[in-house]
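Novice: Residues per chain, in single letters:
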Amino acid sequence: MTIARHIKHRGGTLWLAALVHRLSGLALAIFLPLHFLVLALALHRAAQLDAFLRWTDQPLVKLAEALLVFLLIVHLLGGVRVLVIENFDWRDGQKRLATLAATVSAIVAFIFLVRVF
Amino acid sequence: MLLWRIRTLNWNACLWQLSMDARVKPAHDEWNSAWARVDCAQIAASKPLTENRMPEAPTELSVSLWRGGVEGRYETYRVPRRDSQTVLDVVTYVQRHIDPTLSYRFACRVGMCGSCAMTVNGRPRWTCRTHVAKVAGSGRLEIGPLANLPVIKDLATDMAPFFEKWREAKGAFAPSRTRADAIPRIRPDSPARLAADAAVECINCGVCYAACDTVRWNAAYLGPAALNRAWTLINDERDAGNVARLQAVAATGGCHACHSHQSCQEHCPLSLNPTASIAGLKRRTALAYLKGELKP
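Residue numbers (this note's numbering), protein chains in the order written: chain A, 454 to 570; chain B, 1159 to 1454.
Hints listed in this document are in silico derivations from the structure and should not be mistaken for laboratory results. Any given hint could be a false lead.
Stated by the list, open to error - Pairwise CB distance ranges, derived in the manner of DEER restraints:
#1 A:494 with B:1280: 42 to 52 Å
#2 A:480 with B:1228: 41 to 51 Å
#3 A:556 with B:1445: 17 to 27 Å
#4 B:1445 with A:502: 28 to 38 Å
#5 A:486 with B:1334: 48 to 58 Å
#6 B:1308 with A:502: 23 to 33 Å
A virtual CB, placed ideally from N, CA and C, is assigned to each residue, including glycine.
Just chain A, same shape as in the assembly:
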C-alpha cells in the first residue's frame, strides 16, 4: 500500500471552485470546435444545418445547452475571480465569491432553460 491513497483533505469550497473551473474549461474546449463545425454548415450545407437544428429541439439537448450555459458563466466568473486575486490587492471572502459565482451561473442557466422550453 502506498501512502498517497490516504490523502483525502480535498473538497473545500475553493478546491471545488478550482475543480469546476478546470473541468468547465475542458468541457468548453471540447465544445467549441464542435460549435464551429455546426456553424460552418451554414456556408455550404444549409439542409444539414436545418436538420441539426431540428434535432436540437429535443428536451435532452436543451438540457445539455443549459448545462453549457452554466459551464460558460461559471468559467467566466471563476476566471475573473482568479484574475482579481492575482492582479489586485487581496480581498477576503473568496469562499463567498466562489459560491456567488456558482449561484449566479445556476440562475442564468435556469433562466435559459425556462426560455428554451
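Dock chain B against chain A, hints included.
Specialist: What follows is chain B alone, placed relative to chain A:
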C-alpha cells in the same frame, strides 16, 4: 439538566476548596468555602458524579498509524482517551507504552517549532495543537506522514526538499548594512511592513506544502511556504537581495506556477495566507518585468 449544572458548579467549588485549603483564604470567601464544604459532603453521599454528566466520550481511541516507508501499511492501536488530549499525545502514548520503534518528530509541543505536522484523518495538521475532541468525534484516528515529502519511516518525513526550496526562493535575509551602521527605522504602519507582518509568523511546519496540489503535480514548484518567506523579505526594507529573489521566484516553478487554489490558506494552522503572498509576488515580478528589471 439543571441538576447536572448544579452538581458541576458544586464540583468546581470542591476543587476550589481543595486548592484553597493550602493557602490563607481571604475573609470574604468564608461563606463560599463553608458552602463548598457542605456541598462536598452532599456530593460524597449522593450518586457517583459520572451518572449526572453529559453522555461520556469514548474511553478508548482506535488509532491507525502509518508504519513503514513509502510502501507500508496502517496498523491499529488502542489508546486510552483523556481530557484535553492532543493528537501528539496519542502518538506519544503509542511510542512510550505500546511500540517504542514508532518513529515521529516533535520538539516544543506548544505550536512554535513546526516539527510535529502529520496527516490526521486525511488532513495535514499540527498535531501538538490539534485536540482529539476536534478531529475524532467517532473515536477513530488515522495518522500518517505529511504528503508531498519523502517518508523516512512511519510518521517522520524528510523535510530537506522543503527547506531546499526555501534556499532556491532566496529565503535568507541579505543584509544591506553592516553591524557598524545605525539600525534603520521601519515605520510599523508602512505598507511594506504591514505586508511582511501578515506573513512573517510562519513556523515552517510544512502543512501548506502537504496540502498544495500544485506541489504534488509540479516537482519544481517552490511551494507556498518558500514563496511566502520570499514575500516577507521582499517587503523587508533592510534587505538587499530582491533582484536575485525576484528572479528566483519568477523562474519556472516559482510564483507563476501557483493556481490560487488556496489550500495553503485553508490548512495553515496559524491562519496565514500564502496565496495572498504569492499573488503579491506575481504582481511584483510582473511589474519588475515591465520595468526591464527581470530577464525573461
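Novice: Confirm or reject each hint.
Specialist: Hints versus structure:
| no. | hint | in the structure |
| --- | --- | --- |
| 1 | A:494 with B:1280: 42 to 52 Å | 50 Å, holds |
| 2 | A:480 with B:1228: 41 to 51 Å | 35 Å, violated |
| 3 | A:556 with B:1445: 17 to 27 Å | 35 Å, violated |
| 4 | B:1445 with A:502: 28 to 38 Å | 49 Å, violated |
| 5 | A:486 with B:1334: 48 to 58 Å | 55 Å, holds |
| 6 | B:1308 with A:502: 23 to 33 Å | 58 Å, violated |
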